[in-house]
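Colleague: Residues per chain are reported as follows:
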Amino acid sequence: MVNKDIKLLEAILFASGEPVLENDLKEKIKDKKNLSNFLKELKEFYKDRGINLLKTGNKWSFRTSDDLSNDLTIFKVQKRKISRAALETLSIIAYQQPITRSEIENIRGVQMGRGSIDHLMEIGWIKPSGRKNIPGKPTMWSTTELFIEHFGLNDLSDLPNKEELKASGFLDKRAAIATISDLAKNDDNNNLDNLDSEDNNIDDFIQSN
Amino acid sequence: MVNKDIKLLEAILFASGEPVLENDLKEKIKDKKNLSNFLKELKEFYKDRGINLLKTGNKWSFRTSDDLSNDLTIFKVQKRKISRAALETLSIIAYQQPITRSEIENIRGVQMGRGSIDHLMEIGWIKPSGRKNIPGKPTMWSTTELFIEHFGLNDLSDLPNKEELKASGFLDKRAAIATISDLAKNDDNNNLDNLDSEDNNIDDFIQSN
Amino acid sequence: MTKISEENFNSSKFHLLIANFEGPIDLLLFLARNQKVDLSQISITELAEQYINFINQYKNIHIEIAADYLVMAAWLTYLKSRLLLPKEEKTEEHSAEDLEKALRYQLQRLEKFQKISKTLYSRPLINRDIFYGGSSEGLKVKYNINYTSNLYDLLKSYSVILKSKDQIKNLTIEYSELYSVDRAVKRMKEIFGSISEWTNLLNIIPKLIESNRVINKSIISSNFVASLELSKNGFIEVKQQETFGNIYIRYKN
Chain Z
1 MVNKDIKLLE
11 AILFASGEPV
21 LENDLKEKIK
31 DKKNLSNFLK
41 ELKEFYKDRG
51 INLLKTGNKW
61 SFRTSDDLSN
71 DLTIFKVQKR
81 KISRAALETL
91 SIIAYQQPIT
101 RSEIENIRGV
111 QMGRGSIDHL
121 MEIGWIKPSG
131 RKNIPGKPTM
141 WSTTELFIEH
151 FGLNDLSDLP
161 NKEELKASGF
171 LDKRAAIATI
181 SDLAKNDDNN
191 NLDNLDSEDN
201 NIDDFIQSN
Chain U
1 MVNKDIKLLE
11 AILFASGEPV
21 LENDLKEKIK
31 DKKNLSNFLK
41 ELKEFYKDRG
51 INLLKTGNKW
61 SFRTSDDLSN
71 DLTIFKVQKR
81 KISRAALETL
91 SIIAYQQPIT
101 RSEIENIRGV
111 QMGRGSIDHL
121 MEIGWIKPSG
131 RKNIPGKPTM
141 WSTTELFIEH
151 FGLNDLSDLP
161 NKEELKASGF
171 LDKRAAIATI
181 SDLAKNDDNN
191 NLDNLDSEDN
201 NIDDFIQSN
Chain R
1 MTKISEENFN
11 SSKFHLLIAN
21 FEGPIDLLLF
31 LARNQKVDLS
41 QISITELAEQ
51 YINFINQYKN
61 IHIEIAADYL
71 VMAAWLTYLK
81 SRLLLPKEEK
91 TEEHSAEDLE
101 KALRYQLQRL
111 EKFQKISKTL
121 YSRPLINRDI
131 FYGGSSEGLK
141 VKYNINYTSN
151 LYDLLKSYSV
161 ILKSKDQIKN
171 LTIEYSELYS
181 VDRAVKRMKE
191 IFGSISEWTN
201 LLNIIPKLIE
211 SNRVINKSII
221 SSNFVASLEL
231 SKNGFIEVKQ
241 QETFGNIYIR
251 YKN
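Residue numbers (our numbering), protein chains in the order written: chain Z, 1 to 209; chain U, 1 to 209; chain R, 1 to 253.
Just so you know, these hints were derived from the structure itself, not from any lab.
To spell it out: a stretch of chain Z is covered by chain R in this simulated footprint if at least three of its residues, at any positions, have a beta carbon under 8 Å from a beta carbon of chain R; those stretches are:
1) 5-16
2) 89-99
3) 102-112
Among the chain R residues that face chain Z by a calculated CB cut under 8 Å, a handful are:
4) Y121
5) F131
6) S136
Every residue gets a Cβ at the ideal spot worked out from N, C-alpha and C, and that includes glycine.
Pulled out of the complex, with its shape left as it was, chain Z reads as follows (with noise of 0.2 Å):
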């Protein structure tokens, strides 16, 4: 016999038709303290099956399994498709989060094409989060829950490659000669004042503004 309570998770994960919060599950059990194990045995139990159940961020949802996704194209949605320009943002802001605009033109090496942002905003991938505390106080963007919902991922240290990334030193947010410098600064400490000048000199070149 299948214990209660899984069986409640069961048909509340399914009837909900979208993810359903951890502590909203919470309510419903009885055995409130075994949650994460049934939850647990929940997951295993549908791994190989047509329909996974995933958690993502705190909210836990059934959703078609991955290898049938070239099967299932009757349900796809036609949405407009996403550029090339905003797709390299949002993996900036991603593993770079959170982050100002101009520190991602400092990445991308191009001012900002009108559109990417909001068209972003729109889909609801990405929202303002606080704003950095230099001259001007400019915004710094981050992604939401419905961005890691959509892409699957656990939390944001689950983004593929991002270990690696960082290890290799591209998660740098300054424009280039500044990452340099500090380079140089290290062979021959000299010149320790400037250590923040992004701004100034070949910037101006290499991010033609």
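Given chain Z, work out where chains U and R should sit, using these hints.
Modeller: Here is chains U and R on its own, set in the frame of chain Z:
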């Protein structure tokens, strides 16, 4: 390993959200002559679970198990957008708070019924906050904590200012109507590149290298 | 981006539109990939050369080219010359080697993120590859209204207000270059006297502008309407002998 056709049946019945004709199911799977065996197997598999497979008429569907229906009330959210007028009012309050009703009317250029303000108050996104020290002492309106929470902000200062809205593409001047004169102007160079880089779609990008 | 295979790169490079690149660094990266060397080993002088050639030749074909691409070309020329010159004495500025390193870093970093963005987007995505489903049939369901207006809606709405205020401030009505019927009537009245014989309408309308079809259409149609207008008022006669044939007019005494 679960049979691919069985997985597919599971996923289709799940994603459809409503009963599916047996014939439609048959079309989707490879091993068509075994359809009824597969369905029997699935039915057996889910017999004691929180969701069961049912046949009604010539259609199949997953349903939550009967013996749960008594203790289970599902809360679903009905998604609704607020009216354009209410949204405009809200955005003006958000950016210019505290602000009186007649100041909002000045900005919007139209008189308001009680509707928008009442509705926004009901949702809990705005609240009265003091009175303006002018004749008549009109109520001033501000946004609430709930507003900040709902819109995913950390703080009111997260709202992008005019310059940032512009830079993010919100203030783009998309011509509402392309006039014949515009056409005439563009006609001179009508055979030059009209490739809009924002439209390059990512699928091409993915294939390209 | 346009699909370009390695072989036809040379023949097709001028058909490539700059519009396909996301800025100078993106173009540089494309050229660099074409050298088929590890980016960390790539020769910046050679790359600079390639970029400058590309821009110069492109410039000959399409005059319009975004300023940032030209600025980058100028900067690369400068960098190349500094790299080729004998090693300079230490100055306050960044050394040519630093600049070279920075550029290489910039290329590698952008490449990483371009790859990452592909990896990310090829993950199974909701509503494209995987789907939610389920049905609540048979269960008691209580509905809570959830207002889904989000920050995007809010900002968009405020932007519309800002925009409409801006527009009212600078409302300009543009002069139309199209040929109006009034103008055609006026002009035709002026030349009445000289059309006593049947004359092809096309011969008496103003000279057409070679390059602009829309304006030309407006000239022809306005003059045609004007001729009908004037014949209705009894000033001229209009005739056409066959469908799509020439239209003739003459002054009516």
